[in-house]
Amino acid sequence: MKLSDIMSHAGLSFYTQVSLVLFLAVFIAVAIRTWMPSRRGELDTASRLPFDEGTVVAHTSRRER
Numbered sequence: 044m045k046l047s048d049i050m051s052h053a054g055l056s057f058y059t060q061v062s063l064v065l066f067l068a069v070f071i072a073v074a075i076r077t078w079m080p081s082r083r084g085e086l087d088t089a090s091r092l093p094f095d096e097g098t099v100v101a102h103t104s105r106r107e108r
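For reference, each letter of the sequence shown is one residue, going 44 to 108 in our numbering.
Hints listed in this document are in silico derivations from the structure and should not be mistaken for laboratory results.
Incorrect hints may appear among the rest.
[Said to hold, decoys possible] Simulated restraints on C-beta separations:
| # | residue 1 | residue 2 | range |
| --- | --- | --- | --- |
| 1 | 50 | 96 | 56 to 64 Å |
| 2 | 48 | 94 | 58 to 66 Å |
| 3 | 71 | 93 | 24 to 32 Å |
| 4 | 47 | 87 | 46 to 54 Å |
| 5 | 59 | 80 | 29 to 37 Å |
| 6 | 75 | 97 | 47 to 55 Å |
Owing to the predicted nature of the structure, the values given are computational and were not obtained by experimental measurement.
From the three backbone atoms N, C-alpha and C, an ideal C-beta is built for every residue, glycine too.
Based on the provided sequences and hints, a complete structural model is requested.
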């Protein structure tokens, strides 16, 4: 019996389907979190970091707002 025969009859296709669903769920969650309007200010600040001249900006937590 070949290894390919053993692997094809092992019933491992379920794991590929679960991993695809898990990947899509995480991808959608990250996309939604990235495009939320409430994060616009934080993302704008992060996008300007490479152009700052070494100035330190105090980060405020959500509790302080």
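Tell me the hint numbers this structure goes against, listed in increasing order.
Checked against the structure, the only hint that fails is number 6, while the rest are satisfied.
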